[in-house]
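Undergrad: Given chain A's structure and the hints, the job is docking chain B onto it.
Each chain, written out:
Protein chains: 2
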Amino acid sequence: MKEIVIGFLGCGNVGGGVWNLLDGFKKEIAHRNHVAIRVKKVLVRDVSKARTCAVPAELLTTEVDEVVGDPEISIVVEFMGGEQPATEYMLRALKAGKTVVTANKVAVALNWHRLQAAAQEHNAGLYYEASVCGAIPIIAALQHSLQANRIGHMMGIINGTTNYILSRMYERGESYEAVLEDAKRLGLAEPNPASDVEGYDAAYKLSIMASLAFHARIPFKKVYVEGITKLTAMDIACGKEMGYVLKLLAVAKREEDTIQVRVHPTFLPETHPLSQVNGSFNAVYLHGHACQEMMLQGRGAGDMPTASAVVSDILRAATCETHEHPTFANTADADASLTFDDNWDCSYFLRLTAEDRPGVLEKIAGWLAKENVSIATMMQKGRMEHGRVPLIIVTHAAPEKAMQKAISAFDSQVCVVESMIRVEQ
Amino acid sequence: MKEIVIGFLGCGNVGGGVWNLLDGFKKEIAHRNHVAIRVKKVLVRDVSKARTCAVPAELLTTEVDEVVGDPEISIVVEFMGGEQPATEYMLRALKAGKTVVTANKVAVALNWHRLQAAAQEHNAGLYYEASVCGAIPIIAALQHSLQANRIGHMMGIINGTTNYILSRMYERGESYEAVLEDAKRLGLAEPNPASDVEGYDAAYKLSIMASLAFHARIPFKKVYVEGITKLTAMDIACGKEMGYVLKLLAVAKREEDTIQVRVHPTFLPETHPLSQVNGSFNAVYLHGHACQEMMLQGRGAGDMPTASAVVSDILRAATCETHEHPTFANTADADASLTFDDNWDCSYFLRLTAEDRPGVLEKIAGWLAKENVSIATMMQKGRMEHGRVPLIIVTHAAPEKAMQKAISAFDSQVCVVESMIRVEQ
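Sequences listed follow chains A and B, in order. Note that this note's numbering has the first sequence beginning at 0, numbered continuously upward. Note that this note's numbering has the second sequence beginning at 0, numbered continuously upward.
Just chain A, same shape as in the assembly:
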């Protein structure tokens, strides 16, 4: 039986999961894939640190050359995370003709073109299913199973931490701060949760997914990003009353050569399939011209779900004859032939605090009408102190910039915009 010798870059939680999965699955791999996978070297920062897997001490090294420079190693698996030094190490492996399997969304999103160019030049493979949504086979679906489709739009819940927080706020009416603290305690949020709650984690993933969906490189810096840190229990409660569920949504839409890519809190009708996706689950909903609606849902993070994708990629790389690479309409990091549209159309949910006197509604409607924004629904929620009332407005679809302009013209003596949240259907 053919032996495939591999090396790890990093051995944290995901690396440990991959080690354990490979170790416990040897018999099946031999039977089904007719190969044996042997891990020869594991790059770590500190060889004395306790690990979640029983990797023998003699495999550990702090020298990257022992992995990327070993001629016997044909596949390098990267779990270091972050842009550098991971990208440099992967480039060195690829340039040595080694195939790279990575779970690193940041490195792929930021340096995909360099990584792919090195892979193609040196006849190596580049596999990154694990970089987006853990076990969910969204990369394989976009690259292969749905390849006969023109994908028009895609919306995803692709960050488990924020979905856990928003689900609990929705279900129990808790505050953002209280749930975040609890999520940290439960290990569902990092001690420094910025990348998740500010939306950057989702934006990296969206950059990768949208590039494959639209067959055009979508640079990370083109993704509009807005996190969930300013959301209140009141916003969620008001939306719920109107039949909406709040999600941090990654949205990608394409019309001809115009593309929108954005990550922001979004109200969805409670009947939308994504509205049912709760807790730390991830899901991607998309529409293709042939497949029509499709949704893939599962565990987007965690050691074993991520290891499921990594090991599947390792087995694929180990057994295929030639490595495939996607073809993009653009080859550089950005491209003049594509237009990135930051003036998308959607509906808007506005929560206002307004003066409680005749004529106020007329004024607000007037400020909106001036920018051609029309009101779909309006709801007044009781009364506050000092003669002010909370007011909820949901608009019909309007361009983002018109909406922003309309709001900036609101007279704060008459009404204050407490929140503006986008609504998708």
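One or more of the hints may lead you astray.
The list cannot tell twin chains apart, which means a pair is met if one copy fits it or any two copies do.
Claimed, not checked - In silico SDA-like links for lysine to any residue, alpha-carbon gap of 25 Å or less:
hint	residue 1	residue 2
1	25	256
2	39	19
3	26	215
4	26	116
5	239	277
6	25	258
I should point out that these hints are in silico values taken from the structure, not numbers from a laboratory.
TA: Chain B alone, transformed into the frame defined by chain A:
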């Protein structure tokens, strides 16, 4: 650019969809896959029949040899449906070294081993993503993306016609017969709907899916099949009141070398992800030891969704260097090393009409207890004429055979079993 010459066996709705998809997607295929796909011959029964696609008359033939015997044709795409003559034609193509792409669940489920043996012997490919759940990439997921998993169980809504019927019965309280008539009128049920409503369509698909999930050939004849024809609006209403949704579920479970495969009406808790899958949508929910829970949902039928899977398979076959074939634990149609368990454990929903007098409940509980079946919930629904009451019982998990035996001992003078429906969690 490399030209790939293909032939069609059949040109009904799906064949027409594939023709149209290939035709409208030429530019993308050239750009992304670096090939041109040309359809050279199309086998039809009647060359003069009107078609849903603009296939030129000179391509049509009634002679199968013009497709499977043409040395220029390298891929044969089959849409005839049914076991024969489709299987014979596909075998002839494979034996001539041609790759086969098929949407035919019956032929694959019944003759997979013969088709795969012919393909392997003649270095040809056999592709069948379209045979199960239309556009949903469940075959690719099981074969590739989830290959590092030991899949413990899988439950699917894999027949759109019955899901449409049951969804409407649930939502509007309509009768089975009324909705079936409407579904026929809308083209969502065949004029002769037996294969769908009796569960056979789902059983063919389950045989294929379970074979890939468990890496062991699961013969169609081992699948327990029960259709939806005896379900009443009353069953669905009573289940709904208790928080259950009724689905025609395809269930496959594996524990060591013991396998259950069954298709039958099933109550699911309304909070289960599959309970949200309504109308003609399909979905497969599964659990793997690494990926954990996953659900793939989409259009399981229809010309274009099926064409999405067919064309993806054609492109894959056209661009890969070697064709892969799954390895099964067993090579023949059935196997001694596997045990097929028809005495599965699940909960049961019983709808009874019982005498309205003291001691009746005690008797029923006694008949169940005699077979070690214990009651989880009981609900009495008002009163009927003639001193009889409708009674709903949901049991704890119990073996199928114990349940059947308990029911057979019920004294019909005391109570009549109107329905017995399995409950999964």
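Undergrad: Hint by hint, note whether the structure agrees.
TA: Going down the list of hints, with the structure as the test:
In this homomeric assembly, residue 25 and residue 256 come within 25 Å of each other (Cα to Cα) only across copies, at 18 Å, whereas the closest approach inside a single copy is 47 Å. Taking CA atoms no more than 25 Å apart as the test, residue 39 paired with residue 19 passes inside one copy only; the shortest distance there is 15 Å, against 51 Å between copies. Only between protomers do residue 26 and residue 215 lie at most 25 Å apart by alpha-carbon distance; the minimum there is 15 Å, versus 40 Å within a single protomer. In the homo-oligomer, the alpha carbons of residue 26 and residue 116 lie at most 25 Å apart only across protomers (24 Å), although the nearest pairing inside one protomer, at 36 Å, exceeds that limit.
With identical chains, the CA atoms of residue 239 and residue 277 are at most 25 Å apart both within one copy (15 Å) and between copies (22 Å). Taking the closest pair of Cα atoms, residue 25 and residue 258 come within 25 Å of each other only across two copies (22 Å); inside a single copy the shortest separation is 44 Å, beyond that limit.
Every hint, counting from the list given before, is met by this structure.
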